[in-house]
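Student: Please work from the sequences and hints to get the whole structure.
Just so it is clear: in the sequence shown, position 84 is 84 by the numbering used here, and no numbers are missing.
Everything labelled a hint here was simulated from the structure, so no lab data went into it. Yeah, the Cβ is synthetic: ideal placement off N, Cα and C, and Gly gets one too.
Derived Cβ-Cβ restraints for the label pairs, each shown as a range:
id : residue 1 : residue 2 : range
1  : G74       : T26       : 10 to 20 Å
2  : G101      : A46       : 12 to 22 Å
3  : T25       : S88       : 26 to 36 Å
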Amino acid sequence: MVMVSLTAVYSSAATVYVSGDYNETTVGWGISAFNTIQAGINAVEADGTVNVAAGTYEEILDVNKAGVTVKAVGEAVVTFATVANDKSVITISADGATFDGFEEQLKRSTRLSA
1 MVMVSLTAVY
11 SSAATVYVSG
21 DYNETTVGWG
31 ISAFNTIQAG
41 INAVEADGTV
51 NVAAGTYEEI
61 LDVNKAGVTV
71 KAVGEAVVTF
81 ATVANDKSVI
91 TISADGATFD
101 GFEEQLKRST
111 RLSA
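Tutor: See below:
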């Protein structure tokens, strides 16, 4: 009799990539490829790097892992946009976390309701 045991293993990556063009068909999706910066931050290991492609990312970020670097790829222009005018777009809640290579742009929009 042969017994087989299967164990689920969660792995995080030291380097992840973010592009608004990524989706479920992208190689590495959900492991090292994401379409939101926060998903990349959530997946990267402490002291890891989140490489962000050019684009507009409408999200509120919490960098909550020590030593994480969120980095614009090449000369990419990354615009952070939010509809929550009373909130910070980026909160760094961990020691040693940094943003590198981002051009300072912020686009705020107002959510309208009927």
